[in-house]
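The listed protein sequences correspond, in order, to chains A and B.
Residue 118 in our numbering sits at position 118 of the first sequence, with consecutive numbering throughout.
Adding 1000 to a residue's 1-based position in the second sequence gives its number in our numbering.
These are computed hints drawn from the structure, not numbers from a lab.
The model shown is predicted, which means the values in this text are computed figures rather than measured ones.
Be aware that a few hints might be false.
Residues of chain B placed beyond 10 Å of chain A at every Cβ, according to the derived structure [to be verified]:
id : residue
1  : R1028
2  : D1030
3  : G1050
4  : T1082
5  : Q1091
6  : Y1123
7  : Y1241
Straight line, CA to CA, 30 Å or less: simulated DSSO-like cross-link-like pairs of lysine-lysine [what the hints assert, rightly or not]:
id : chain 1 : residue 1 : chain 2 : residue 2
8  : B       : K1093     : B       : K1045
9  : B       : K1093     : B       : K1151
10 : A       : K45       : B       : K1151
11 : A       : K45       : A       : K93
12 : A       : K151      : A       : K93
13 : A       : K151      : A       : K45
14 : B       : K1045     : A       : K45
15 : B       : K1151     : B       : K1045
16 : A       : K93       : B       : K1045
Ideal Cβ placement from N, Cα and C applies to all residues, glycine included.
Protein chains: 2
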Amino acid sequence: MNILIVSAHPEPASLTHALRDVAATQLRADGHHVRHTDLYAEGWKSAVDGADFQALHGGTHPRETPRLHVPAASGAAFAAGTLTDDVRAEQAKLLWADALILAFPLWWFSMPAILKGWIDRVYSFGFAYGVGEHSDTRWGDRYGEGTLAGKRAMLLVTAGGWEAHYGPRGINGPMDDLLFPIHHGVLFYPGYAVLPPFVVYRADRLDDAAFDAAADALRTRMRGLFTTAPIAFRRQNGGDYLFPSMTLDPGIVSATGFAAHVRDPEPEAD
Amino acid sequence: MNILIVSAHPEPASLTHALRDVAATQLRADGHHVRHTDLYAEGWKSAVDGADFQALHGGTHPRETPRLHVPAASGAAFAAGTLTDDVRAEQAKLLWADALILAFPLWWFSMPAILKGWIDRVYSFGFAYGVGEHSDTRWGDRYGEGTLAGKRAMLLVTAGGWEAHYGPRGINGPMDDLLFPIHHGVLFYPGYAVLPPFVVYRADRLDDAAFDAAADALRTRMRGLFTTAPIAFRRQNGGDYLFPSMTLDPGIVSATGFAAHVRDPEPEAD
């Protein structure tokens, strides 16, 4: 199988990149093909701006172009094949990969800016959103369907804090909830099956023994990359949501919050 | 009072900037002082990297410096006063401002990369984290205490989707939960009192009447900027969390998830 690992850390010798290399080595040992996008090494441009869509306007300077409406410009450039070379190369890698791994340090409870900029720019209209039929009866292909359906995705996260601080009642908020905007909103949205994350806590204080233990656990996760059960997010078009409000069918669960969008492990009563 | 508005949209004529201007005009009419940080106009650098801490190493090229450990480098540069000029200027503005407003479009359920890069770089160790006593009995000044305590902060967000999709049972997840990593993890963490957000939905389809209504509502919010009750997040050092696990005291609430970190509106039983 083909795996793309996108990493976002300024230091080549960082824990993030050490774990990335552990993952890649294991995957290759198991016969998979691995490609990398090392965002810092590539000097990835983070900011969506008029320069991303210049080809739409015959290459004129963005300041001379009409008002920039990002979804419209993004969709027109995607349809015309005029997105910038760096973005098109990343989209091709996403189409090539059977699985995507995003490797990053948790900075301020989210991804580093350079990785958010990869999402903002690569996830163009027509590619990651605005996909499928939008009509009086259907709200497109998203949340379990879309361009990247049939593929798997997983986060490889290093966090500076203690695990207890990210627990169910920890002060930072539960890690699963902190990652929901990425798991559900970034990965499940364009179709990925999302695996449970691999998280290393107290990343700043990891000694050799703790690194070895983390590496072993990561190797196990890599061996199960295509067999581990994904997070059971509810599919938009699977019958669980009302149209067009896209709210959970009242008959399904009474819960609110992020957890309501994950199916129960037991079969549900009809 | 002094208000800093940080905005992140590539289009000067965007809804984000139109609403920013409505807010600034009202604040000035009420006698306040308003300053702006327009991240796109300033060409803000998003990526934390070795160049941010070059002065620590006598200006040598980052590739010739020791392994970059971001918290350590950030803390050393802050303590030595050698953070880059752009970062020091923003820290000075934050210290000047009695209130901070972050104005941005919701992209992939979070802030645009350029704004995340403002957080990642301006929130240095010693300024926004690693503040206060860290000992066997205290985990620093954070979550309600810290450098920015006594000040207020508020998000001004435009979202493309329908409000129902962001409701308590909407498919995107509740807006309050999606914003929790920013409200609690970015704003409350270094001390801000966090006001309820001002959110405009269906931002791509706003007609003149809807804009006028939104502008009126925003003016009302600006008039109440220093009187509106903040979100009642629990203070780390206010007695609600156990040390050192920093988990909620079992006697306080039985809830889990983000909502458990907000105090009940009614007085709690002891």
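Against the structure, the hints:
no. : hint              : verdict
1   : R1028             : holds, 26 Å
2   : D1030             : holds, 30 Å
3   : G1050             : violated, 6 Å
4   : T1082             : holds, 17 Å
5   : Q1091             : holds, 15 Å
6   : Y1123             : violated, 7 Å
7   : Y1241             : violated, 5 Å
8   : B:K1093 x B:K1045 : holds, 17 Å
9   : B:K1093 x B:K1151 : holds, 12 Å
10  : A:K45 x B:K1151   : violated, 33 Å
11  : A:K45 x A:K93     : holds, 17 Å
12  : A:K151 x A:K93    : holds, 12 Å
13  : A:K151 x A:K45    : holds, 26 Å
14  : B:K1045 x A:K45   : holds, 10 Å
15  : B:K1151 x B:K1045 : holds, 26 Å
16  : A:K93 x B:K1045   : holds, 26 Å
Violated hints, in rising order: 3, 6, 7, 10; the structure is consistent with all others.
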